[in-house]
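S.K.: Protein chains in written order, with this note's numbering: chain D, 13 to 117; chain F, 13 to 117.
Please note that the accuracy of each hint is not assured.
What the hints assert, rightly or not - Below, in silico cross-link-like pairs of lysine to aspartate or glutamate (DMTMM-like), each with a Cα-Cα straight-line distance of 20 Å or less: (1) Lys97/F with Glu32/F; (2) Lys106/D with Glu32/F; (3) Lys20/D with Asp41/F; (4) Lys106/D with Glu54/F; (5) Lys20/F with Glu76/D; (6) Lys97/D with Glu76/D; (7) Lys106/F with Glu85/D; (8) Lys20/D with Glu54/F; (9) Lys97/D with Glu54/D; (10) Lys70/D with Asp110/D.
It is worth saying that the hints were derived from the structure and are not from the lab.
There are 2 protein chains.
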Amino acid sequence: MPSSYGLKCPVARTLDIIGERWTILILRDLFLDGPRKFQDFERSLAGISATTLSARLKRLEGYEIVARRFYAEHPPRAEYFLTDKGRTLGPILKQLLDWGIRHAR
Amino acid sequence: MPSSYGLKCPVARTLDIIGERWTILILRDLFLDGPRKFQDFERSLAGISATTLSARLKRLEGYEIVARRFYAEHPPRAEYFLTDKGRTLGPILKQLLDWGIRHAR
């Protein structure tokens, strides 16, 4: 995990999980839109590569923040959604949103 | 500004300012310790290069989140501190801290 800070502080540990580029925007989309397909993220996150998106989603799945389920069998179609643990990130997203509205015009 | 997302959403605009690697930990140190010298950051942020630290501080100064003042003349010694605008980031830091304590052990 090369992007980990390796620091004990809780802020750094949080960032080890959600601090990588694009990760918070993936979470934002899940909070705003609910369950989404891989292609939905590619559409909303202009500039992300499929490789990066796949790595970010996999990592969020590993931390049990995001989970994947199949909603069709032929052909199999998967969608990603926030777990209960993922929903606990809501207040962080809310603060980032509020600050942007007030101070980052 | 290559690390900017270039998206209109307020979350993305906030991350354009504070989302780069190390930036939030620099802010954390300023919230916890008050005014600090360049060397103080190098000590607490194990692994950051002087070049990166300098770039991050300069960018935060550019956004008027951090300011610099000289507290000695011979030789000149500078310290960095949070501006009033910088202090408005407190609730974001608080949420990152709380989440780390509860969920990132």
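S.K.: With reference to the structure, classify each hint as holding or not holding.
M.R.: Now for the hints, and whether the structure bears them out:
no.: 1; hint: Lys97/F with Glu32/F; verdict: holds, 18 Å
no.: 2; hint: Lys106/D with Glu32/F; verdict: holds, 19 Å
no.: 3; hint: Lys20/D with Asp41/F; verdict: holds, 14 Å
no.: 4; hint: Lys106/D with Glu54/F; verdict: violated, 31 Å
no.: 5; hint: Lys20/F with Glu76/D; verdict: violated, 29 Å
no.: 6; hint: Lys97/D with Glu76/D; verdict: holds, 7 Å
no.: 7; hint: Lys106/F with Glu85/D; verdict: violated, 43 Å
no.: 8; hint: Lys20/D with Glu54/F; verdict: holds, 16 Å
no.: 9; hint: Lys97/D with Glu54/D; verdict: violated, 24 Å
no.: 10; hint: Lys70/D with Asp110/D; verdict: violated, 28 Å
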